[in-house]
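Undergrad: Given next are the chains, with one letter for each unit.
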Amino acid sequence: MTMTATQCLLQMYDEHYDLEDYQSGVPRWCTGCGDNAILAAVQRLCRDENLRPEKTAFISGIGCSSRFPHYMKTYGFHGIHGRALPIAEGVKMARPDLHVFVNTGDGDCCSIGAAHWIHAIRYNMNMTVLLHDNQIYGLTKMQASPTTPLGTKSNTTPRGSYLAPLNPLSITLGVQNVSFVAQAVDWIPEMLYDIIKAAYHHKGFSFIRIVQRCPEWLPEMFEPWLHDPNRILVLNHENGLQVSASLSKVYKNLQAHDPSDLNRAREIASNLDPVPVGILYRNPDVPRYEEVRHAGQMRSTDLIEKGLNAEFDKFTVWPQETEAQTQPVM
Amino acid sequence: MNDTSIKQFVNEIPRQARSPAAKKAVTLKEHIVEIISDSGEGAQRCGQSLGSIAARMGNGIWTVEIIPAEIRPPARSVAGASGNRIRLGSERITNGGDNTDLIVAFNEQALLGRVRAGELKPDCTILLESMWRDNKDPKITAAYIETCNQLVAAGYKVHEVPMERECLSVVADAHRGKNMFALGMLCSIYSLDMQLAREQIALTFGKKGQSIIEPNIKLLEAGFTWAEVNLDFKYRIPAVRSSEPQIVANGNTALALGVLASGMDICAMYPITPATSASHYLSDVFEKVGGIVHQAEDEIAACAFAIGASYAGKCAVTITSGPGYSLKQEGLGLAVMAEIPLVVVNVQRGGPSTGLPTKAEQGDLMAAIFGSHGDAPKVVMAASTIEDCFYSVITARKIAETFNMVVVLLTDANLATSQQPFPRPQFNKSWLAPPVDQSAIPAGAKPYDWDATTGLARRFIPGQPNGMHTVTGLTHDRLSHVAYDAEINEESIRARSLKLAALQKTLKTPPLFGDEKGDLLIIGWGSTKGAIEEAVESMRAEGCKVSSMHLRFLQPLPPGIKEVMQRFKKVMTIEGNWSDRPQDELIDETNRRYSAVATLLRARYLIDVDCWSEVMGQPIKPGTICRVIRDQLKKQAEAEQS
Ligand SMILES: Cc1ncc(C[n+]2csc(CCOP(=O)(O)OP(=O)(O)O)c2C)c(N)n1
Ligand code: SF4
Ligand SMILES: [Mg+2]
Numbered sequence: 189m190t191m192t193a194t195q196c197l198l199q200m201y202d203e204h205y206d207l208e209d210y211q212s213g214v215p216r217w218c219t220g221c222g223d224n225a226i227l228a229a230v231q232r233l234c235r236d237e238n239l240r241p242e243k244t245a246f247i248s249g250i251g252c253s254s255r256f257p258h259y260m261k262t263y264g265f266h267g268i269h270g271r272a273l274p275i276a277e278g279v280k281m282a283r284p285d286l287h288v289f290v291n292t293g294d295g296d297c298c299s300i301g302a303a304h305w306i307h308a309i310r311y312n313m314n315m316t317v318l319l320h321d322n323q324i325y326g327l328t329k330m331q332a333s334p335t336t337p338l339g340t341k342s343n344t345t346p347r348g349s350y351l352a353p354l355n356p357l358s359i360t361l362g363v364q365n366v367s368f369v370a371q372a373v374d375w376i377p378e379m380l381y382d383i384i385k386a387a388y389h390h391k392g393f394s395f396i397r398i399v400q401r402c403p404e405w406l407p408e409m410f411e412p413w414l415h416d417p418n419r420i421l422v423l424n425h426e427n428g429l430q431v432s433a434s435l436s437k438v439y440k441n442l443q444a445h446d447p448s449d450l451n452r453a454r455e456i457a458s459n460l461d462p463v464p465v466g467i468l469y470r471n472p473d474v475p476r477y478e479e480v481r482h483a484g485q486m487r488s489t490d491l492i493e494k495g496l497n498a499e500f501d502k503f504t505v506w507p508q509e510t511e512a513q514t515q516p517v518m
Numbered sequence: 063m064n065d066t067s068i069k070q071f072v073n074e075i076p077r078q079a080r081s082p083a084a085k086k087a088v089t090l091k092e093h094i095v096e097i098i099s100d101s102g103e104g105a106q107r108c109g110q111s112l113g114s115i116a117a118r119m120g121n122g123i124w125t126v127e128i129i130p131a132e133i134r135p136p137a138r139s140v141a142g143a144s145g146n147r148i149r150l151g152s153e154r155i156t157n158g159g160d161n162t163d164l165i166v167a168f169n170e171q172a173l174l175g176r177v178r179a180g181e182l183k184p185d186c187t188i189l190l191e192s193m194w195r196d197n198k199d200p201k202i203t204a205a206y207i208e209t210c211n212q213l214v215a216a217g218y219k220v221h222e223v224p225m226e227r228e229c230l231s232v233v234a235d236a237h238r239g240k241n242m243f244a245l246g247m248l249c250s251i252y253s254l255d256m257q258l259a260r261e262q263i264a265l266t267f268g269k270k271g272q273s274i275i276e277p278n279i280k281l282l283e284a285g286f287t288w289a290e291v292n293l294d295f296k297y298r299i300p301a302v303r304s305s306e307p308q309i310v311a312n313g314n315t316a317l318a319l320g321v322l323a324s325g326m327d328i329c330a331m332y333p334i335t336p337a338t339s340a341s342h343y344l345s346d347v348f349e350k351v352g353g354i355v356h357q358a359e360d361e362i363a364a365c366a367f368a369i370g371a372s373y374a375g376k377c378a379v380t381i382t383s384g385p386g387y388s389l390k391q392e393g394l395g396l397a398v399m400a401e402i403p404l405v406v407v408n409v410q411r412g413g414p415s416t417g418l419p420t421k422a423e424q425g426d427l428m429a430a431i432f433g434s435h436g437d438a439p440k441v442v443m444a445a446s447t448i449e450d451c452f453y454s455v456i457t458a459r460k461i462a463e464t465f466n467m468v469v470v471l472l473t474d475a476n477l478a479t480s481q482q483p484f485p486r487p488q489f490n491k492s493w494l495a496p497p498v499d500q501s502a503i504p505a506g507a508k509p510y511d512w513d514a515t516t517g518l519a520r521r522f523i524p525g526q527p528n529g530m531h532t533v534t535g536l537t538h539d540r541l542s543h544v545a546y547d548a549e550i551n552e553e554s555i556r557a558r559s560l561k562l563a564a565l566q567k568t569l570k571t572p573p574l575f576g577d578e579k580g581d582l583l584i585i586g587w588g589s590t591k592g593a594i595e596e597a598v599e600s601m602r603a604e605g606c607k608v609s610s611m612h613l614r615f616l617q618p619l620p621p622g623i624k625e626v627m628q629r630f631k632k633v634m635t636i637e638g639n640w641s642d643r644p645q646d647e648l649i650d651e652t653n654r655r656y657s658a659v660a661t662l663l664r665a666r667y668l669i670d671v672d673c674w675s676e677v678m679g680q681p682i683k684p685g686t687i688c689r690v691i692r693d694q695l696k697k698q699a700e701a702e703q704s
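Protein sequences, first through last, are from chains A and B. Take any residue in the first sequence, note its place counting from 1, add 188, and you have its number in my numbering. Take any residue in the second sequence, note its place counting from 1, add 62, and you have its number in my numbering.
Calculated directly from the structure, the hints in this document are not laboratory data. This one's a predicted model, so the numbers in the text were calculated from it and none came from an experiment. Built from N, CA and C at the ideal position, the CB exists for glycine as well. Among the hints, a few may not be true.
[Claimed, not checked] Cut-off 30 Å, straight-line C-alpha distance, at most; resulting in silico cross-link-like pairs (DSSO-like, lysine-lysine):
1) K502(A) <-> K579(B)
2) K460(B) <-> K494(A)
3) K632(B) <-> K502(A)
4) K269(B) <-> K502(A)
5) K579(B) <-> K697(B)
6) K697(B) <-> K502(A)
7) K243(A) <-> K460(B)
8) K494(A) <-> K683(B)
9) K579(B) <-> K508(B)
10) K270(B) <-> K494(A)
[Unchecked claim] If you want the footprint, here are the derived chain B segments under chain A, 3+ residues with CB under 8 Å:
11) 339-352
12) 438-452
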């Protein structure tokens with residue numbers, strides 16, 4: 189069956205996906221695990237944006253949260269601990285046409301993968317990165333992570349953790365080329381969705397730290413915030429997120445923040461309580477590595493043949509003196 | 063500048079008067095020449111130019127870089143020799159050879175370094191810069207005179223050459239141009255075509271313009287004239303000009319050209335000696351054909367990046383050396399498990415740990431085959447010549463994509479920095495990877511539908527409709543669903559292992575060098591090929607019944623090797639990695655650690671393969687191999703008699 193180009197285009201635009209077109213398998217997370225909410229928000233986003241499943245890839249490391257790609261009916265790459273970002277970078281460089289999402293845990297991103305995290309910010313490749321920050325190692329059964337609050341008891345810190353946690357927002361905002369930083373909490377689905385959507389639409393490395401509940405290991409940890417809406421600082425701005433009327437009835441602690449203000453973003457990031465939720469920083473003008481490097485070029489056989497022969501010429505010793513075309517051997 | 067303009071320009075430079083009396087040149091079959099200086103004095107460029115000129119005349123050449131361990135060692139230091147060794151011959155040269163016949167040294171300390179390393183022939187001709195004889199610093203003068211006297215007493219033919227003084231009569235700053243003066247002397251000594259030499263200079267300095275080319279040509283001619291007038295010897299190494307165009311390049315350049323020719327489009331790397339120069343060159347040229355070199359934040363990231371790129375499209379390559387190879391191990395296991403094609407190049411250097419960064423060793427074979435935890439079958443190949451560095455990348459990419467496997471390509475510091483001409487390859491479309499498959503996957507097809515016989519499964523690539531699935535490093539079933547079922551674990555490990563057998567069935571028995579049977583079979587792999595075959599050839603000329611076989615595939619080992627080994631009374635490997643010395647007090651058959659390939663051959667074929675190895679940080683010399691063969695045959699003869 190052949191189609192005209194217009195028909196093809198029409199069909200593409202006609203293509204319509206439902207939620208179940210993105211759903212795969214039954215998530216094996218604990219009941220009440222914040223990852224479920226993140227999954228729901230992401231599947232909704234895919235449907236609403238009508239992302240073609242075969243053109244979408246979810247890439248993760250190892251951890252409870254890194255199981256995420258298995259529950260998406262898209263392409264997925266459940267990688268190795270800490271290395272989701274460089275894998276995703278390779279994917280994006282080879283295939284800038286794909287929608288790339290990354291799921292990573294606080295151990296995965298901020299501990300074993302910390303070097304990659306810093307550099308990924310700097311590369312600023314177009315991808316949406318979800319940091320599932322439950323402030324603990326979930327999969328390996330409750331060890332302290334770099335974001336675990338000081339004094340938290342865990343299996344490796346039975347008398348309380350020794351070190352102050354690092355702040356993923358401040359760190360991200362401190363790296364050269366940062367282009368999108370947001371924070372969400374898993375228990376306000378509407379804002380979670382809006383933030384992920386804004387991140388998806390940003391062209392560059394969109395980093396969302398999602399405060400994610402782990403009822404299995406830290407059942408009490410987020411309770412105070414859950415029960416007191418005033419301990420959520422909602423960032424509101426016409427250039428950022430605009431909180432709905434219904435939501436602002438519950439979450440009254442609003443603050444106007446223009447996401448183009450990096451210094452203010454850094455100040456907000458350093459406030460741990462109340463927890464800021466919204467877009468801290470956005471700069472669409474930061475160059476994207478894949479574009480700087482001209483990823484996804486068409487490479488014809490002819491181009492390669494010509495290029496290769498031009499290189500051979502540089503190193504060739506010709507048999508006939510008169511045709512000598514050698515270049516220095518260096 | 064184009065070629066005609068170079069010629070024209072060269073012809074316009076006023077010529078110096080030719081030497082009065084032409085000496086009679088002694089004809090040689092081959093000679094080994096070295097040019098050494100402190101680093102930064104240009105001996106490398108002189109050596110490379112000499113090699114190029116000789117190659118253009120049709121001589122066989124093999125050039126080896128002499129690199130000090132430090133970037134800027136102190137001036138005039140024994141450990142600071144930097145330069146080049148060039149083996150020139152009438153016929154094809156396959157390795158760096160034994161000891162040096164003639165050396166040009168810019169100071170006596172760097173020279174001492176070479177003498178102490180045992181690199182010079184006992185009667186080696188030395189052309190030594192004489193300016194140190196009357197230095198302001200009496201200590202330097204004393205050191206120079208003492209060394210000179212010692213060298214003469216030791217039997218070396220020392221010629222003191224006032225290089226600095228002669229150069230100053232041509233240019234204001236002799237420091238920069240002495241190398242071209244030396245090149246001129248060597249052109250005289252080896253009766254090389256001066257017109258070619260002038261052209262070579264014009265090409266070398268072409269980018270810098272005529273104001274640089276002109277004084278360098280004058281220096282070249284000054285050196286030539288000086289040698290014509292002042293030296294009482296002259297050689298000629300007859301050359302047979304090849305009828306085919308030849309590429310003169312080092313192994314790393316050949317490797318990078320191979321990456322271009324393989325159609326791969328992404329190379330991820332992190333700088334590490336001695337692999338870096340491949341990436342330097344690739345960084346310069348890859349973009350011209352739409353490729354990308356990504357310098358990652360470390361080797362773990364480089365490996366992961368390449369895996370991501372391979373997963374999403376065409377096979378990618380990552381280039382590294384020992385320490386970086388260690389860092390990639392977990393990533394390689396992932397690629398094996400997820401069956402993502404990947405080419406990994408390990409330009410081996412001395413190890414373990416940081417080891418000898420600039421020196422050659424073959425110490426990573428076992429890591430290449432067995433590296434990464436669990437059962438992680440990978441294909442392992444080794445390039446054995448400069449030309450092989452080029453073609454092996456193309457082969458590696460093809461195998462990786464045909465079998466969805468990791469292919470490790472081993473080269474080493476010797477191949478990386480040595481130059482040898484090889485026939486210019488004719489571009490072939492079939493070298494390139496096909497375009498990324500974006501066709502729809504038929505309904506019901508599974509991402510890991512392992513073939514019961516070959517273990518092969520069709521790879522699904524993102525973008526292919528109906529192919530959506532999540533690859534994982536966890537044990538998975540045919541749908542790529544995580545499986546904790548022990549049976550699926552066994553089934554999938556079996557499939558990944560079978561792919562090696564499927565590849566093995568397509569391989570040919572490596573050819574024998576020498577007779578089909580005999581007293582001794584030498585087996586080697588990698589960069590030792592030239593030296594081993596040269597040694598075997600000369601031992602055969604002495605009447606010894608020795609042959610050799612060189613392995614290109616180390617995993618899987620090709621078929622037919624056992625049958626070949628059985629036709630020889632004894633089999634022995636020669637390798638550049640460690641093997642315990644049988645003469646050491648504690649070493650016996652119950653604890654001796656054999657060299658890598660010897661261990662593999664013993665385990666696979668149950669044949670009592672012996673080994674000889676050394677880890678001297680430099681290529682194994684053909685003369686050394688001759689001695690090893692001689693000793694071994696003597697031992698065998700004695701055993702037969704008793
Ligand atoms: C190289 C390596 N080291 C350690 C582990 C074990 N491991 C698996 S997940 C994990 C931590 C997971 O914590 P996090 O990233 O916060 O994810 P979560 O489970 O909390 O979602 C660890 C240490 C591993 N799989 N690989
Ligand atoms: S252990 Fe915690 S993070 Fe893991 S699934 Fe359970 S609740 Fe979620
Ligand atoms: Mg966690």
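Undergrad: Now tell me, hint by hint, if it's right for this structure.
TA: A quick look at each hint next to the structure:
Pair hint K502(A) plus K579(B) does not hold up; C-alpha atoms about 44 Å apart against a cutoff of 30 Å. Between K460(B) and K494(A) the alpha-carbon distance is near 21 Å, which keeps this suggested pair within the 30 Å criterion. Between K632(B) and K502(A), the direct Cα distance comes to roughly 46 Å. Violation of the 30 Å bound is thereby established for this hinted pair. Distance hint between K269(B) and K502(A) is fulfilled; the C-alpha atoms sit about 14 Å from each other, no more than 30 Å.
Distance restraint check for K579(B) and K697(B): the Cα-Cα separation of roughly 19 Å lies within the 30 Å cut-off, and the hinted pair is therefore satisfied. Between K697(B) and K502(A) the CA atoms are separated by roughly 50 Å; this puts the pair beyond 30 Å, and the hint is violated. For a cut-off of 30 Å, the pair hint linking K243(A) to K460(B) stands: about 26 Å separates their Cα positions. Our distance criterion of 30 Å between C-alpha atoms is broken by K494(A) and K683(B), whose separation comes to about 39 Å.
With a CA separation close to 50 Å, the supplied pair K579(B) and K508(B) exceeds the 30 Å bound. The hinted pair formed by K270(B) and K494(A) meets the criterion: a straight-line CA distance of about 26 Å does not exceed 30 Å. Closer than 8 Å: that is the beta-carbon criterion, and the segment 339-352 of chain B has 5 residues meeting it against chain A, so the requirement of 3 holds. Counting residues of the segment 438-452 of chain B whose beta carbon lies closer than 8 Å to any beta carbon of chain A gives 0, which falls short of the minimum of three for the stated coverage.
This entry does not satisfy hints 1, 3, 6, 8, 9 and 12, going by the numbered hints stated previously.
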